[in-house]
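Q: Listed here are the chains, written in short residue letters.
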Amino acid sequence: MHTDSERRDQGRGERSPAEGGCPLSRRAFLARAAATAGSVAAAGRVVAALRGEPANAATTAGQTEVPQWAMVIDLGRCDGCKECTTACQKTHFTGDQEWIQVFEVTDEGGGHYFLPRPCMQCENAPCLNVCPVGATFRNENGTVLINHDICIGCRFCMAACPYGARSFNWGEPENPPGASLAQYTPEYPIPHRKGTPDKCMFCAHDAEVGKLPACVSACPMSAIWFGDLVRDIATNGLETVKLSWLLTERNAYRLKEELGTRPRVWYLPGHGQQSEEVTPV
Amino acid sequence: MSVAVEPRIDETSADGARVRLRERVEAPLRSKAWGVKGRLLVAGLSLVVAWGVFAWIHQVRDGLAVTGLSNHVSWGLYITNFVFFIGISHAGTLVSAILRLTHAEWRRPITRLAEMITVVALVIGASMVLVDMGRPDRLLNVLRFPHLRSPILWDILSISTYILGSLIYLFLPLVPDVAALRDSPALGRVRRRIYRALSLRWTGLPEQRVALTRAIGIMAVVIVPVAVSVHTVVSWIFGMTLREGWNSTIFGPYFVVGAIFSGIAGIIVVMAIFRRAYRLEEFITEKHFRYLGSLLMVLGLLYVYFTASEYITVGYKLRVGDDALLSALLVGRYAVLFWTFAIGGTLVPILLLAFRRTRTVPGIVSAAVLVNVGMWLKRFVIVVPSMALPLMPWEWGTYHPTWVEWSITAAAFAGFALVFVLLARFFPVISVWEVEEGWEQLEVQERWERLEVGVSHDGQLDGNGHGNGDGHPNGHRDGHLEPAQHADGVVPEGPPIATGEER
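If you read the protein sequences in the order shown, they are chains A and B.
Numbering-wise (the numbering used here), the first sequence opens with residue 1 and increments by one.
Numbering-wise (the numbering used here), the second sequence opens with residue 1001 and increments by one.
Bear in mind the hints are in silico, worked out from the structure with no lab data behind them.
Each hint can be trusted.
Non-contacting residues of chain A with respect to chain B, defined by C-beta distances greater than 10 Å in every case (computed):
hint : residue
1    : Gly-178
2    : Asn-251
3    : Gly-270
Here are some of the chain B residues that sit facing chain A, going by a computed Cβ distance under 10 Å:
hint : residue
4    : Thr-1067
5    : Met-1133
6    : Gly-1134
7    : Phe-1238
8    : Thr-1241
Only some residues are given here: those of chain A computed to face chain B with a beta carbon under 10 Å:
hint : residue
9    : Gln-101
10   : Asp-149
11   : Cys-154
12   : Ala-159
13   : Asn-169
14   : Lys-194
15   : Pro-197
The C-beta atom is built at its ideal place from N, Cα and C for all residues, glycine as well.
Turn these sequences into a full structure, and let the hints guide you.
A: This is the structure in structure tokens:
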């Protein structure tokens, strides 16, 4: 059996045979062959992947593996409209909490760009390590979730998170009408609980049924890609590409890479210059 | 030597001091000991604590929203208080255990106070964690779903071990003292019954003394590493994160030194208060202040050294984030607090303790008060700035504690004083038998030396002779009292040196 990281490394290793010395394996070859198939077929596979179903006989790579969700945010496309934040707030009834927060950053040349920050779903997650009751955990898709039923509200996770990705329910949280009747799950934490933290969890409830996260669907610039590291595929709702191609060709980077948290959120550098070129959905 | 024996009253001998010591220590335990001042003090402290409890109930009902905490600065006064009180708790370990292990004879009159500080400070410190919790109703989840990878679990294990250990360590030397009190007719019947239960049928038999001394010796050895582990894992709550200012390898020893530093200062303050309130000047002397003052100065210098090491190595490299934190501390928004700590909490106290002119009881006590204030501020500037600094492209966080937080903080300090006052109304604040043991050893030692210098080794020493008469436990003879206290914990009867050889 492969560990998560081995599995991912295999998937990522395919992306750049030129830079690595390893010869193209049969598995990688098949994956690449599959990726050259038409985009319609690819889109079908994304949905299948989102549903956790085996996509296609051709995608032998990781066919039996569960998806490992990842996000790629194209800063060249982001125009800072914050539709992602709004959609997230509506989907999760977060009140004024911003699980995906959009920062305006001044770049080296004095220009500006926008930086949306969801939860990084770190593979070496500081928040998960420090939780005294194990209320923060990782599900089989590599997404970091919170069990609000056992959280004691010590906020160590918030102190430990290098990205400030968590929001605390300091008082009685805003809940939609009838929330008390909702079936709480960590994948869809409604109702929110006083004295516990919340954060982005890649819309784990949607991924289960094959839907894209709210922020991805809502982005008018299609700047947010959502994908599966195992099947090496990503979509922004409009286009579907090989995830590894996106990461390699577009010089993807991760925030605070030097900390060793190994986020599952990548950024494609840019400053909103492509936002004009993209036709809104 | 036997504690149960009523001492003879002889004004010209150590027995006079002995009687006075028993009287001074026992007087506050009598039922009519509460004066008007005492009642007012307890009432005042109780009011502050009650107000704090009210504030906490308010907080539990409406959530931590009633505090000044935010997503950006999610830890504040409560965590500051937690670190402060756990630090103070190191008083007992140091003075009692380390000085016991090193046979520092002058420790005897102050060990009890030190051990009491440890227990009370631990209880108050641990309660601050409960107050800080968003879901105090789920406290037991840490036992139901323990996640051993979390430094908080290490803290829970370490601190609960420390509480248990220091309770035992407080209790053991108390046994002969409560045994002496259980028969005291001046005390109420209920009280005496409780003392009787706690005295574990102590009668001062040699085998009991051997067992007790051995048990205390074992606990003194055990409690030191536990205490060190406590403040190490407290520091690791911060040190195990990636935050600037906390992401440090020296936090363990840095915090341990800081804890002992503030712990000694805590003892000096408590000592000064009880010395005056219980009129113990004869037994807790200027010498004790000077010795603890020297220790305080050494620990202060160590703490300055650690502080300098921490900030110089960070400041030289100025990694992203560290630069912002450092400038906020040294010249920016936290500069006033930081320099108040650095100058008022270390530099001035060290100077006060360094010069003979100011190394007086008032000078030393002033230094200790300054250290305590400074160390509280230091804990604040450890906790809050590292939370407030911008981790993402955002502004510095702001933190203004609300009345709820200040009320609970005031209640923590008042609660510390209150529990202490009540504890001191119930148990002797000086370990009488240990002080007497010290005197006896001194006498035996003196006689033995006289004999060695003189004619014979006939060994006709009764071990119950006269003291040095000045009432001071050891007079001028500190550091020459070793033979009676063997490493194996056996307290010899009769001529100590001869006995040791014969066995």
